[in-house]
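Heads up: the sequence lines are chains V and G, in that order.
Sequence positions in the first sequence follow our numbering and run 1 to 328.
Sequence positions in the second sequence follow our numbering and run 1 to 262.
Derived from the structure by calculation, the hints contain no laboratory data.
Please note that a few of the clues may not be correct.
[As the list claims (entries may be wrong)] Listing some non-contacts, in silico: residues in chain G with all C-beta distances to chain V over 12 Å:
(1) S27
(2) R49
(3) N76
(4) A132
(5) T234
[As the list claims (entries may be wrong)] Derived SDA-like pairs (lysine to any residue); straight-line CA-CA distance at most 25 Å:
(6) V:K132 / G:S12
(7) G:K75 / V:L19
(8) V:K227 / G:K79
(9) V:K231 / G:S12
(10) G:K70 / V:G44
(11) G:K75 / V:D216
(12) G:K79 / G:S143
(13) V:K231 / G:L108
Predicted model only: the values in this text are computed from it and were never measured.
Note that CB positions come from ideal geometry on N, CA and C, so glycine has one too.
Chain by chain, the residues:
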Amino acid sequence: MNKKNIFISIIVFALLVILVTPFLGPIKIPFSALTDFGLNTIAGKIFYTFRLPRVLTAFLAGAALACCGVALQAMFRNPLAEPFTLGICGGANFGTAVYLIFAASIPIPHCGLAFSFAGSLAAVLLVYGLTKIKKGFSVGTMLLAGIAVNFFFSSLILFLQYISDFTQSYKMIHWLMGSIDVDGFKTPGVLFVFTAIGAAIVAAQNANLNLMSISDEIAISRGVNVKSARKIIFLATSVMVAGVVAFCGPIGFVGLMAPQICRLLVGHDHKILTPASILFGGAFLVLCDTIARIIIPSSQMPVGVITALLGGPFFIWLLLKDKSVSNL
Amino acid sequence: MNQTAIEIKDLSFAIAGKQILQRICFSVSTGKRLFIVGPNGAGKTTLLRCLSRIITNWHGTIQVKDKNLKAYSQKNLAKILTYVPQVLPADIPFTVHQFVLMARYPHLSPFSVVGPEDEKVVSEAMEMTQTACFAERVMATLSGGERQQVSIAAALAQQAEIFLLDEPATYLDYKHQRDIHSLLAKINKTYGTTIVCVTHDLNSAVLSADTIIAIKEGKIVFEGVPKEIMNEKTLEEIYSKKFDFAMHPVTGQKIIVPDVIE
Numbered sequence: 001m002n003k004k005n006i007f008i009s010i011i012v013f014a015l016l017v018i019l020v021t022p023f024l025g026p027i028k029i030p031f032s033a034l035t036d037f038g039l040n041t042i043a044g045k046i047f048y049t050f051r052l053p054r055v056l057t058a059f060l061a062g063a064a065l066a067c068c069g070v071a072l073q074a075m076f077r078n079p080l081a082e083p084f085t086l087g088i089c090g091g092a093n094f095g096t097a098v099y100l101i102f103a104a105s106i107p108i109p110h111c112g113l114a115f116s117f118a119g120s121l122a123a124v125l126l127v128y129g130l131t132k133i134k135k136g137f138s139v140g141t142m143l144l145a146g147i148a149v150n151f152f153f154s155s156l157i158l159f160l161q162y163i164s165d166f167t168q169s170y171k172m173i174h175w176l177m178g179s180i181d182v183d184g185f186k187t188p189g190v191l192f193v194f195t196a197i198g199a200a201i202v203a204a205q206n207a208n209l210n211l212m213s214i215s216d217e218i219a220i221s222r223g224v225n226v227k228s229a230r231k232i233i234f235l236a237t238s239v240m241v242a243g244v245v246a247f248c249g250p251i252g253f254v255g256l257m258a259p260q261i262c263r264l265l266v267g268h269d270h271k272i273l274t275p276a277s278i279l280f281g282g283a284f285l286v287l288c289d290t291i292a293r294i295i296i297p298s299s300q301m302p303v304g305v306i307t308a309l310l311g312g313p314f315f316i317w318l319l320l321k322d323k324s325v326s327n328l
Numbered sequence: 001m002n003q004t005a006i007e008i009k010d011l012s013f014a015i016a017g018k019q020i021l022q023r024i025c026f027s028v029s030t031g032k033r034l035f036i037v038g039p040n041g042a043g044k045t046t047l048l049r050c051l052s053r054i055i056t057n058w059h060g061t062i063q064v065k066d067k068n069l070k071a072y073s074q075k076n077l078a079k080i081l082t083y084v085p086q087v088l089p090a091d092i093p094f095t096v097h098q099f100v101l102m103a104r105y106p107h108l109s110p111f112s113v114v115g116p117e118d119e120k121v122v123s124e125a126m127e128m129t130q131t132a133c134f135a136e137r138v139m140a141t142l143s144g145g146e147r148q149q150v151s152i153a154a155a156l157a158q159q160a161e162i163f164l165l166d167e168p169a170t171y172l173d174y175k176h177q178r179d180i181h182s183l184l185a186k187i188n189k190t191y192g193t194t195i196v197c198v199t200h201d202l203n204s205a206v207l208s209a210d211t212i213i214a215i216k217e218g219k220i221v222f223e224g225v226p227k228e229i230m231n232e233k234t235l236e237e238i239y240s241k242k243f244d245f246a247m248h249p250v251t252g253q254k255i256i257v258p259d260v261i262e
């Protein structure tokens with residue numbers, strides 16, 4: 001099969017996943033619920049207030065994370081780079097945790113998003129700043145700085161948990177596991193804006209990503225303004241991560257797995273790889289979330305548990321298989 | 001046609017307190033072949049990296065086609081000048097054709113599609129460098145010589161007027177060394193491309209250069225035509241060792257011969 005056909009298959013796969021998964025779950029939903037736009041039946045209500053919005057939210061979150069992953073991996077020339085490993089998720093987590101503990105009562109809609117964004121941006125600036133101080137932008141330092149930033153924010157979150165009361169703490173733990181709880185189309189609506197903006201910015205960088213994935217030297221000599229491309233990519237990823245973390249919590253490893261699998265499927269040209277990863281990442285997270293919804297019928301498992309269970313071994317597999325990983 | 005391609009005045013560059021380049025001054029006329037020689041660590045590669053703006057925090061002035069280097073956007077600079085590194089990364093996952101096509105970057109806008117004109121330029125570049133026969137192979141599977149040919153094919157496809165090459169033939173066998181040097185001569189002749197080439201190979205430098213510059217410890221210690229550098233005293237000053245010479249049987253050019261090892 002050539003790469004175009006594989007790409008078309010990924011589109012079909014993503015559409016099928018979005019169409020089929022809302023019907024799966026502990027409560028049977030008949031197909032007639034699809035046309036119940038007035039939400040007159042219980043099935044219609046479940047379908048349009050919970051199932052479909054949840055599937056769309058999962059899709060947008062997965063798409064955003066995969067998009068971040070594909071851009072960061074090209075930029076760092078390392079398949080282990082993604083928002084989670086670089087500490088960007090950690091920053092957004094901390095921002096959201098601060099919001100949950102101190103600011104949840106602020107009556108501004110989507111105020112949590114601002115906190116999440118402030119957190120992810122702070123993490124990006126920290127990682128970037130650390131490498132600036134060390135002079136020169138080495139991929140190794142960047143990844144290690146990301147890990148350090150992650151630890152730093154994790155301990156800040158632990159501190160917040162320590163000083164918060166029991167209910168707040170429970171809320172935070174549940175959210176930190178990465179779960180997708182929605183009520184109507186508001187969440188996917190807002191998340192769509194974040195994902196769409198971020199993905200559009202990254203897609204405009206596709207030619208740059210191709211060249212930067214070879215080497216900065218080559219990219220510069222072909223005419224890429226590498227410094228500004230880096231800043232744009234960092235900004236786009238912090239926007240997307242902020243959206244995902246604010247609504248779904250930290251969902252790890254999607255940004256790692258989706259681009260890697262897509263590279264095997266459609267190759268390394270970002271003009272196809274980026275859109276393929278976005279679609280695949282979205283569909284992948286929807287599937288993970290569907291498993292999380294139905295695996296224990298009486299309760300809903302956080303999707304982050306599933307992605308981490310898959311992602312951990314995947315990470316190790318990459319570590320063993322990919323030579324460029326150890327080229328720190 | 002005696003325009004200046006590159007004019008460098010008082011170029012200095014230091015890293016971590018160590019002076020790598022010190023008040024470098026020289027210029028290259030359009031269409032000429034300049035070879036830069038000198039001992040290891042003299043700053044030759046750094047000089048090329050300053051010119052291609054991979055390094056930016058240098059001092060002094062560099063003019064490219066009578067315009068300040070810093071006044072160019074990276075993209076516009078890439079239409080004029082390209083840097084061919086000593087070696088390409090070994091693990092490039094793209095095919096040869098994809099890689100050469102990517103060199104059209106400065107001529108395309110972010111969302112524009114590759115047109116027939118681009119394909120024409122690319123296939124011409126691949127014909128000239130004899131890389132068309134392995135166009136669909138993945139870069140990572142190429143030999144060092146093939147990779148270097150592709151690197152030059154990409155520079156050609158970029159349609160830059162000035163090539164900056166960093167030891168393009170260093171790791172190659174005799175045949176590939178000759179192929180690269182005759183390819184550069186051909187490109188220079190066909191397109192009037194200005195060649196700035198760093199090399200350790202004095203003989204190939206004197207045989208193909210219009211001008212030679214020698215750099216030692218960040219300073220220019222020699223500038224002149226090839227036959228001037230083939231001088232016992234000059235070379236001993238540059239390399240801190242004695243050289244033996246011979247006469248090239250075809251051109252009559254004085255060349256150096258390998259040392260006798262006891």
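Against the structure, the hints:
Taking the minimum C-beta to C-beta distance to chain V, about 21 Å, the non-interface status of S27 of chain G holds against the 12 Å cut. The Cβ of R49 of chain G sits about 8 Å from the closest Cβ of chain V, inside the 12 Å cut-off, so the non-interface label is violated. Residue placement check: N76 of chain G does not keep its beta carbon more than 12 Å from all beta carbons of chain V (closest about 8 Å). Listed as a non-interface residue, A132 of chain G keeps its Cβ farther than 12 Å from every Cβ of chain V; the least gap is roughly 20 Å.
Every beta carbon of chain V lies more than 12 Å from that of T234 of chain G, the smallest distance being close to 32 Å; the non-interface claim holds. The straight-line distance between the Cα atoms of K132 of chain V and S12 of chain G is roughly 22 Å, inside the 25 Å bound, and the hint therefore holds. Restraint check: the Cα-Cα separation between K75 of chain G and L19 of chain V comes to about 44 Å, which exceeds 25 Å; the hinted pair is violated. A hinted pair counts as satisfied when its Cα atoms are at most 25 Å apart, and K227 of chain V with K79 of chain G qualifies at roughly 19 Å.
Straight-line distance between C-alpha atoms of K231 of chain V and S12 of chain G comes to about 28 Å, which puts the hinted pair past the 25 Å bound. Straight-line distance between C-alpha atoms of K70 of chain G and G44 of chain V comes to about 63 Å, which puts the hinted pair past the 25 Å bound. About 14 Å separates the Cα atoms of K75 of chain G and D216 of chain V, which keeps this hinted pair within 25 Å; it holds. With a C-alpha separation of about 28 Å, the suggested pairing of K79 of chain G with S143 of chain G is violated against the 25 Å cut-off.
With a C-alpha separation of about 21 Å, the suggested pairing of K231 of chain V with L108 of chain G holds against the 25 Å cut-off.
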